[in-house]
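There are 2 protein chains.
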Amino acid sequence: MLSVPEAFAQILRTVQPATPRSCSLFEATHGVLAEDAVSDVNIPPFDKALMDGFAVRSSDVPDGTGTLQIQEVIYAGSVPTRSLEAGQTSQIMTGAPLPEGADAVVQIEHCQINEAEQTVQIKTTPVAPGKNMLYRASVLEQGATVVKAGTFLRAQEIGALAETGSPQISVRRTPSVAILATGDELVPPEQKPEAGQIRNSNEVMLHSQILQADARPVPLGIARDVRSHLREKIQEGLKSDFLLLSGGVSAGELDLVPSELAAAGVKQVFHKVNLKPGKPLWFGILEQEGRAPCYIFGLPGNPVSSMVCFELFVRSALRQYLGFPDPMPQPVSARLTADFQSRGDRPTYQPARIDWSEGEATVTPLQSMGSADLHATVAANGIALFATGNQLYQSGLPIDTFLW
Amino acid sequence: MLSVPEAFAQILRTVQPATPRSCSLFEATHGVLAEDAVSDVNIPPFDKALMDGFAVRSSDVPDGTGTLQIQEVIYAGSVPTRSLEAGQTSQIMTGAPLPEGADAVVQIEHCQINEAEQTVQIKTTPVAPGKNMLYRASVLEQGATVVKAGTFLRAQEIGALAETGSPQISVRRTPSVAILATGDELVPPEQKPEAGQIRNSNEVMLHSQILQADARPVPLGIARDVRSHLREKIQEGLKSDFLLLSGGVSAGELDLVPSELAAAGVKQVFHKVNLKPGKPLWFGILEQEGRAPCYIFGLPGNPVSSMVCFELFVRSALRQYLGFPDPMPQPVSARLTADFQSRGDRPTYQPARIDWSEGEATVTPLQSMGSADLHATVAANGIALFATGNQLYQSGLPIDTFLW
Numbered sequence: 001m002l003s004v005p006e007a008f009a010q011i012l013r014t015v016q017p018a019t020p021r022s023c024s025l026f027e028a029t030h031g032v033l034a035e036d037a038v039s040d041v042n043i044p045p046f047d048k049a050l051m052d053g054f055a056v057r058s059s060d061v062p063d064g065t066g067t068l069q070i071q072e073v074i075y076a077g078s079v080p081t082r083s084l085e086a087g088q089t090s091q092i093m094t095g096a097p098l099p100e101g102a103d104a105v106v107q108i109e110h111c112q113i114n115e116a117e118q119t120v121q122i123k124t125t126p127v128a129p130g131k132n133m134l135y136r137a138s139v140l141e142q143g144a145t146v147v148k149a150g151t152f153l154r155a156q157e158i159g160a161l162a163e164t165g166s167p168q169i170s171v172r173r174t175p176s177v178a179i180l181a182t183g184d185e186l187v188p189p190e191q192k193p194e195a196g197q198i199r200n201s202n203e204v205m206l207h208s209q210i211l212q213a214d215a216r217p218v219p220l221g222i223a224r225d226v227r228s229h230l231r232e233k234i235q236e237g238l239k240s241d242f243l244l245l246s247g248g249v250s251a252g253e254l255d256l257v258p259s260e261l262a263a264a265g266v267k268q269v270f271h272k273v274n275l276k277p278g279k280p281l282w283f284g285i286l287e288q289e290g291r292a293p294c295y296i297f298g299l300p301g302n303p304v305s306s307m308v309c310f311e312l313f314v315r316s317a318l319r320q321y322l323g324f325p326d327p328m329p330q331p332v333s334a335r336l337t338a339d340f341q342s343r344g345d346r347p348t349y350q351p352a353r354i355d356w357s358e359g360e361a362t363v364t365p366l367q368s369m370g371s372a373d374l375h376a377t378v379a380a381n382g383i384a385l386f387a388t389g390n391q392l393y394q395s396g397l398p399i400d401t402f403l404w
Numbered sequence: 001m002l003s004v005p006e007a008f009a010q011i012l013r014t015v016q017p018a019t020p021r022s023c024s025l026f027e028a029t030h031g032v033l034a035e036d037a038v039s040d041v042n043i044p045p046f047d048k049a050l051m052d053g054f055a056v057r058s059s060d061v062p063d064g065t066g067t068l069q070i071q072e073v074i075y076a077g078s079v080p081t082r083s084l085e086a087g088q089t090s091q092i093m094t095g096a097p098l099p100e101g102a103d104a105v106v107q108i109e110h111c112q113i114n115e116a117e118q119t120v121q122i123k124t125t126p127v128a129p130g131k132n133m134l135y136r137a138s139v140l141e142q143g144a145t146v147v148k149a150g151t152f153l154r155a156q157e158i159g160a161l162a163e164t165g166s167p168q169i170s171v172r173r174t175p176s177v178a179i180l181a182t183g184d185e186l187v188p189p190e191q192k193p194e195a196g197q198i199r200n201s202n203e204v205m206l207h208s209q210i211l212q213a214d215a216r217p218v219p220l221g222i223a224r225d226v227r228s229h230l231r232e233k234i235q236e237g238l239k240s241d242f243l244l245l246s247g248g249v250s251a252g253e254l255d256l257v258p259s260e261l262a263a264a265g266v267k268q269v270f271h272k273v274n275l276k277p278g279k280p281l282w283f284g285i286l287e288q289e290g291r292a293p294c295y296i297f298g299l300p301g302n303p304v305s306s307m308v309c310f311e312l313f314v315r316s317a318l319r320q321y322l323g324f325p326d327p328m329p330q331p332v333s334a335r336l337t338a339d340f341q342s343r344g345d346r347p348t349y350q351p352a353r354i355d356w357s358e359g360e361a362t363v364t365p366l367q368s369m370g371s372a373d374l375h376a377t378v379a380a381n382g383i384a385l386f387a388t389g390n391q392l393y394q395s396g397l398p399i400d401t402f403l404w
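Taken in order, these protein sequences are the chains called A and B. FYI, in the working numbering the residues of the first sequence are 1 to 404. FYI, in the working numbering the residues of the second sequence are 1 to 404.
Among the clues, some could well be false.
Identical copies look the same in the list; a pair holds intra-copy or inter-copy alike.
Keeping only pairs whose Cα atoms sit at most 20 Å apart, straight-line, the calculated SDA-like set for lysine to any residue is [stated by the list, open to error]:
#1 K239 to R353
#2 K148 to N42
#3 K279 to S333
#4 K192 to R136
#5 K279 to P293
#6 K192 to T145
#7 K279 to N132
#8 K192 to T67
#9 K148 to E35
#10 K239 to R154
#11 K192 to C23
#12 K276 to N132
#13 K148 to E27
#14 K279 to Q10
#15 K148 to K276
#16 K239 to A18
#17 K192 to A144
#18 K123 to L403
Don't read these hints as lab results, they were simulated from the structure.
The shape of chain A in the complex, shown without the other chains (with noise of 0.2 Å):
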């Protein structure tokens, strides 16, 4: 049976990053940069008021006080049409541009204006040069890299590439990802069960976890276990990007689902990873011609193990195919608060409550009745990992976590 690291491997390897995209920044968020931006202007574009007050040269009032005489009043916006000679200054606005001369701003509290004779007085600490403004290109020089390709876009780049010119940009974004639950037991949500039967609970939960994802789900209802009804669901589901299917992966008669698969010309990549839960996980792709692959995961129909399994592995997908350069989980090291005994021939993900206090990450794995026990989950935000084996993790040690 195929390792973890395996099937992370076997995952990167088959995924390939979905073609840039041209899309406005209004639509960027979350997506990720395909090619570096760079700026097209300095910034700031010329020297810069931080404060409303009177625009100096600094050798005018070395000590902080002074009377000079006032030039103009320069607006955000508006260009200075007067160099100071000494003794000069101009009334400036946050954001405006300082008049050629002046190194310095004075902010306008420390100033009295008098009216009549067209001057103001300085009454403040000794003033530098440089003092409440920014220099021409101090924060970013024109032609530098604002934000390099493969950056996952949060506002503040987003912010960035506005202020540098690039408000169209090059992305990998928004798979689809359709959904497409099994099994003759399942009856929507809206539905009471009767005998034998339970609540298709995988469908939203799956479509909650893509559009956490940042992606967009494709929700296709339940699958009867009818080859007929399989089948046409399933070229439903292989229109979008991903297709994810929700039980029919594991051993038993009614199955259908990877024979259906093939029969559909998907070729399975892998079947069965080494891990609980999730252990009969399915991958495969289905290459098309003139049009990009579709990547399918089967995922086990237990609802914990559909999460952990979307959680390690169909998000990696999606992160490689947005083209993040490290689209693998990010551990999270935190300390037990409690001994835990592992049991179990596989390496165990267990629903866990990740805390932060004085500069410590702690962990408190969860009571759990197992891979169909979605209430464990809620009350955690990630999962621990413990290795294969029995074995007596004390309190205090250090494990990974992941966090959901």
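Using the hints provided, position chain B relative to the given structure of chain A.
Below, chain B alone, put in the same frame as chain A:
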């Protein structure tokens, strides 16, 4: 001037949680549940097989070996038709209900079927009651609370709600948040700025921050520093649940924003808060006959100030609106990686890099050219808080940080 805790207190006193709305689970991701949800079923609803194999009476195979008579095959979604007497078994699929009399499942891998005699030979480790099965109601009992009011809904809560009969729920969610950038110095990002001008980066940045806060941005473009134009745009913005104005709230002569807001009937709650960056922050409310109030923030025009004020104050207001029981920003304690000299007469929020390793959280404050330096925030994943005053914070000291 208002302290940061006083500003938070005034915001939380002013903003009323939204009226709950009914929505389907497909729309519920990152909403906040308004009422406790209780389960209408037992989980699992029946004694349930966790493996494909044979349902047995554990007393028939206490040492893990024996030959049993096959009664039927029970698929997931079907109902057993025969109960098990001593020496009998039924083949069973994962997720299917156990027949009466059975109290364990033996995995198919440990079973050899004799088709002719309709028997199965079992060879496994000792079988205790409960093996490879879940007892009815052992995960959750009918009538138990599944998700409490005030819970932020992630994938696992949504799955649990689906499973327990809450396909439609009552949530507080997705306020609309209008964004209006002000200032004659601003040009749209697609335009090359001329002398004295800068690009409007705050609109797309706030747009992205609003999306990241799970709210619905309504970008209104740039309002010129002309009363009639500003007035019209403000009227448009007041139709949303929140209105964010970027710029126009510092002490400059052309700062028409507060007076135009007053003319529109907006009541100022506070103006200016003692923090750096972000001092000019303005907050008010428009109470309206027959509809919910609009909450208005005047954010400083400098991008880092705007970003920090949004993350601290606007996000807390949004969380209060959404019904979070604890809407304040949650600090993460982290240890300084190097000495840090704080300066100034205001509490300072410094862009910072927070890292985790070996169970420790560490924080590295980043070099910044100040509140116009958006590029320092590109390297940051949070902000570090330093108190008022000139103080040397020693390497290793735990301080409060906020992730963004």
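Hint check results:
1. K239 to R353: Classified as neither; 38 Å inside a copy, 41 Å across copies.
2. K148 to N42: within (18 Å within a copy, 52 Å between copies)
3. K279 to S333: neither (24 Å within a copy, 37 Å between copies)
4. K192 to R136: between (68 Å within a copy, 16 Å between copies)
5. K279 to P293: Answer is neither: 25 Å inside a copy and 52 Å across each miss the 20 Å cutoff.
6. K192 to T145: between (57 Å within a copy, 18 Å between copies)
7. K279 to N132: For K279 and N132, the Cα distance is within 20 Å only across copies (15 Å; inside one copy 62 Å).
8. K192 to T67: neither (84 Å within a copy, 38 Å between copies)
9. K148 to E35: Close inside one copy (7 Å), not across copies (45 Å); limit 20 Å.
10. K239 to R154: Classified as neither: same-chain Cα gap 29 Å, cross-chain 27 Å, threshold 20 Å.
11. K192 to C23: Between copies only: 19 Å across chains, 44 Å inside a chain, cut-off 20 Å.
12. K276 to N132: between (59 Å within a copy, 14 Å between copies)
13. K148 to E27: within (18 Å within a copy, 34 Å between copies)
14. K279 to Q10: within (16 Å within a copy, 52 Å between copies)
15. K148 to K276: Intra 37 Å, inter 29 Å, cutoff 20 Å: neither.
16. K239 to A18: within (15 Å within a copy, 39 Å between copies)
17. K192 to A144: between (61 Å within a copy, 17 Å between copies)
18. K123 to L403: neither (55 Å within a copy, 41 Å between copies)
The structure fails hints 1, 3, 5, 8, 10, 15 and 18 (numbered hints given earlier, in ascending order).
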